[in-house]
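Trainee: Chain by chain, the residues:
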Amino acid sequence: MNWLTTDNTSGAVALNEIPEVGYNDFYNDLADRLADPRYHAAHYFALPWDDRLRFICLLLDDAEGKVLLASHAMEYYEQTHLPSLTALHPAFHPFERDIAERYGVQFDEMPWPKPLRFPHDRYDRSSSMDNYPFYSIKGGSLHEVNVGPIHAGIIEPGAFRFICNGEQVLHLEIALGYQHRGIEQLLAGTDNRLRQMCLAETIAGDSAVAHATAFAEAVEKLSGRERPAELERERTVALELERMAMQIADTGALSMDVGYQLGQVACEALRTMTINTTQAWCGNRFGKGLIRPHGTDHPLTPEKARMIRDNVSDIARRYDEVRRDLKSSPSLLARFEQCGTVPREEMLRIGGVGQAARASGAARDIRTSHPWASFAKCLHHESITTPQGDVMARLMVRSREVLQSAGYIGRLLELYEQKYADGPTPCPAPDYAAPLAPSSLSFGLVEGWRGETCHVVVTNAAGRIAAARIKDPSLHNWLALALAVRGEGISDFPICNKSFNLSYCGHDL
Amino acid sequence: MIFPKIRVLRSHGKQYIPDLDAVELTSEFRGRPVLTDTPDRSDLERAAAICPTGAIVPAPFSLDLGRCVFCGECARRAPHNIRFTNDYRIGSPTREGLVMRPGQQRVEFDPAAVRPEIRKCFSRALQLREVSAGGDASVEMELGATGNVNFDLGRFGIGFTASPRHADGVVVSGPISANMAEALDICYEAVAEPKIVVACGTDACSGGLLAGSRALDRSFLERHRVDLWLPGAPTHPMIFIDGIRTLLGHKQRG
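Taken in order, these protein sequences are the chains called A and B. Taking this note's numbering, the leading residue of the first sequence gets 1, the next gets one more, and so forth. Taking this note's numbering, the leading residue of the second sequence gets 1, the next gets one more, and so forth.
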């Protein structure tokens with residue numbers, strides 16, 4: 001089958017260049033390719049276009065670093081049933097469920113035909129948050145435990161339904177959608193580029209930099225203008241700072257959940273230092289306002305670069321002490337090791353991404369496989385993977401990534417200081433008015449701290465953003481959490497949950 | 001095994017902030033804006049046009065902190081009219097109190113606007129139930145941080161509790177998604193009287209960037225009186241701490 005081949009550093013593609021094939025060819029080709037772990041789908045979505053519904057798939061080839069694009073289409077009101085790819089490759093389930101929920105497209109043999117996020121413009125208005133069709137098992141010795149949507153801590157809402165045999169979890173089903181705010185619709189509903197950037201930052205507030213970078217990448221590809229390398233370096237520093245802050249936060253949260261106060265408070269303090277560093281750079285602890293299209297409002301100065309470098313090296317040193325302590329505490333290892341295991345094969349089958357996949361030995365990392373910006377130029381990233389797939393493995397991947405990110409930040413800022421010791425960087429101011437290529441599609445593909453973050457932006461004939469399709473890595477990884485707790489005691493659920501720390505709003509949009 | 005712990009403790013040192021009232025945030029932080037009216041309103045009109053949430057009205061000049069996401073773009077477009085200070089004392093007992101006008105040197109906090117039973121019942125202990133209804137996790141993380149080793153809000157007897165039955169009020173974050181509206185109502189009903197409602201974050205105050213989305217149902221805020229409005233995207237822990245303590249009468253503004 002014919003695919004359009006591009007990569008993560010090339011520009012936008014015209015919509016009519018994307019090959020359109022019959023669904024049978026599409027199905028057969030994907031069914032074959034997805035059996036090979038070198039391929040996985042970054043996105044698959046449907047778009048109403050004229051009188052038709054056009055389905056576009058972004059397939060990533062990790063071995064060659066290529067992005068493949070193809071599409072199929074049907075009449076908007078056509079009632080044809082399409083054979084489900086999820087039946088062969090469970091990794092496709094969120095994509096097909098999204099398409100079915102929004103447009104009423106029927107996928108035959110779909111093994112899990114359930115609502116995904118209850119969007120406000122869903123096809124079936126009778127389906128609602130209150131009647132989510134939870135799976136149930138009949139049996140006298142089983143009981144169900146419902147948790148949520150409001151959780152005990154100060155976190156976002158989502159409903160968990162456990163089916164337990166005594167203390168042991170047989171099955172967990174996660175119902176999401178409580179956080180749906182209609183972000184994709186709002187992005188397409190405005191021409192104010194600044195507003196669009198702010199919306200991208202609020203897709204998941206703890207991944208503001210990752211999402212803003214992905215969106216800015218997509219927009220910049222559409223306007224076809226070169227970016228100065230300095231700007232890319234500053235964005236990479238911001239992204240790695242965000243990664244450090246969140247991995248440290250989760251180390252603290254895991255310590256808290258097993259009652260290890262020293263680890264908790266030390267990590268709280270280190271996270272505060274990290275986000276305060278971001279705040280001293282751009283005025284916001286989460287990096288909101290830092291990523292803007294074509295430029296920046298907060299160019300580094302020699303003083304700021306030195307401040308960030310000093311803080312980061314101090315944080316890395318202290319965090320490493322915490323890491324050594326955690327690794328040498330038998331009471332922690334007893335809780336973390338061999339708990340919540342997701343084997344590599346299962347992780348690949350469900351399409352897991354990011355640090356959770358790497359902790360199961362699946363080297364999914366956009367920084368390595370599809371490098372962009374600084375990762376394609378001055379940094380040569382090597383993914384940190386470990387084969388165990390348990391809570392401890394996820395913690396260890398996190399903690400090694402903190403040190404790795406600190407190293408990258410140090411190197412980038414060192415480069416900066418050598419070049420611009422005397423004054424601010426030649427980073428231009430943002431441009432919110434750059435015209436976009438009409439009738440085109442572009443994507444931003446970024447490895448955030450949770451994993452692969454993909455934004456696809458489509459423009460209409462007038463060069464307006466007609467649709468945005470956003471994928472947070474959590475979309476794939478929620479299922480990994482459900483699998484991780486199978487067979488575990490229900491009391492281990494909190495640490496399994498924290499070891500993934502997935503986004504509710506990033507999933508629900 | 002004890003040595004790694006001693007090393008962590010030694011590096012950790014003392015982290016907690018002894019006097020929270022004396023905290024000054026970095027000069028980069030965007031808090032309370034200072035507005036200046038000028039005869040030439042062309043800059044201001046440009047700023048109002050690009051404002052992502054429509055928080056600016058050029059004539060008569062005002063800036064609504066309840067809508068502002070503190071992106072700072074208006075201060076770059078109209079530097080003579082708008083300047084952000086690092087003042088985090090921006091909570092208000094009324095929604096109108098968040099609308100800033102030229103010449104205003106602080107966000108007013110009128111003690112008379114606070115229901116008398118709040119200070120009577122809660123000034124020495126206040127437990128809150130946080131409900132995220134479409135919040136993007138940043139406000140939630142900042143609220144979590146109020147109790148951490150740095151800010152230690154617990155020292156004032158203020159904290160967050162898991163069960164609404166143990167709570168004296170509800171803190172709402174996020175623009176209130178329609179899918180979460182019913183759960184928020186149920187949670188509010190479960191809190192015993194007397195109780196307070198805090199709208200935390202710009203998204204909660206006005207819908208923020210999400211205002212106008214068809215996925216929201218903000219009727220909760222029409223049905224219940226909000227006792228404290230806290231802007232911010234996200235609300236910095238100091239905005240929350242200052243707002244709550246001013247509400248309880250621990251401190252006064254101005």
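Calculated directly from the structure, the hints in this document are not laboratory data. Some hints could be false.
[As the list claims (entries may be wrong)] Cut-off 20 Å, straight-line C-alpha distance, at most; resulting in silico cross-link-like pairs (SDA-like, lysine to any residue): (1) A:K304 x B:V226; (2) A:K419 x A:R464; (3) B:K14 x A:S136; (4) B:K14 x A:T9; (5) A:K138 x A:E173; (6) B:K5 x A:A63; (7) B:K5 x A:T9; (8) A:K66 x A:Q79; (9) A:K304 x B:P111; (10) B:K251 x B:S27; (11) B:K5 x A:Q261; (12) B:K14 x A:K66; (13) B:K14 x A:N131; (14) B:K5 x A:K114; (15) B:K120 x B:R225; (16) A:K304 x A:N131; (17) B:K5 x A:F160; (18) A:K138 x A:R122; (19) A:K327 x B:R7; (20) A:K377 x A:S329; (21) A:K66 x A:K138; (22) B:K5 x A:S329; (23) A:K327 x B:I2; (24) A:K66 x A:K114; (25) B:K5 x A:E321; (26) B:K5 x A:K419; (27) B:K14 x A:R317; (28) B:K5 x A:V258; (29) A:K114 x A:S136; (30) A:K114 x A:N131; (31) A:K114 x A:A63; (32) A:K377 x A:R33.
Trainee: Hint by hint, note whether the structure agrees.
Mentor: Cross-check of the supplied hints:
no., hint, result
1, A:K304 x B:V226, "40 Å, violated"
2, A:K419 x A:R464, "38 Å, violated"
3, B:K14 x A:S136, "51 Å, violated"
4, B:K14 x A:T9, "46 Å, violated"
5, A:K138 x A:E173, "16 Å, holds"
6, B:K5 x A:A63, "43 Å, violated"
7, B:K5 x A:T9, "45 Å, violated"
8, A:K66 x A:Q79, "34 Å, violated"
9, A:K304 x B:P111, "41 Å, violated"
10, B:K251 x B:S27, "23 Å, violated"
11, B:K5 x A:Q261, "11 Å, holds"
12, B:K14 x A:K66, "50 Å, violated"
13, B:K14 x A:N131, "51 Å, violated"
14, B:K5 x A:K114, "48 Å, violated"
15, B:K120 x B:R225, "18 Å, holds"
16, A:K304 x A:N131, "52 Å, violated"
17, B:K5 x A:F160, "36 Å, violated"
18, A:K138 x A:R122, "31 Å, violated"
19, A:K327 x B:R7, "14 Å, holds"
20, A:K377 x A:S329, "40 Å, violated"
21, A:K66 x A:K138, "47 Å, violated"
22, B:K5 x A:S329, "9 Å, holds"
23, A:K327 x B:I2, "12 Å, holds"
24, A:K66 x A:K114, "32 Å, violated"
25, B:K5 x A:E321, "8 Å, holds"
26, B:K5 x A:K419, "41 Å, violated"
27, B:K14 x A:R317, "17 Å, holds"
28, B:K5 x A:V258, "16 Å, holds"
29, A:K114 x A:S136, "14 Å, holds"
30, A:K114 x A:N131, "11 Å, holds"
31, A:K114 x A:A63, "33 Å, violated"
32, A:K377 x A:R33, "29 Å, violated"
In the structure shown, a violation is registered for the earlier hints numbered 1, 2, 3, 4, 6, 7, 8, 9, 10, 12, 13, 14, 16, 17, 18, 20, 21, 24, 26, 31, 32, in ascending order.
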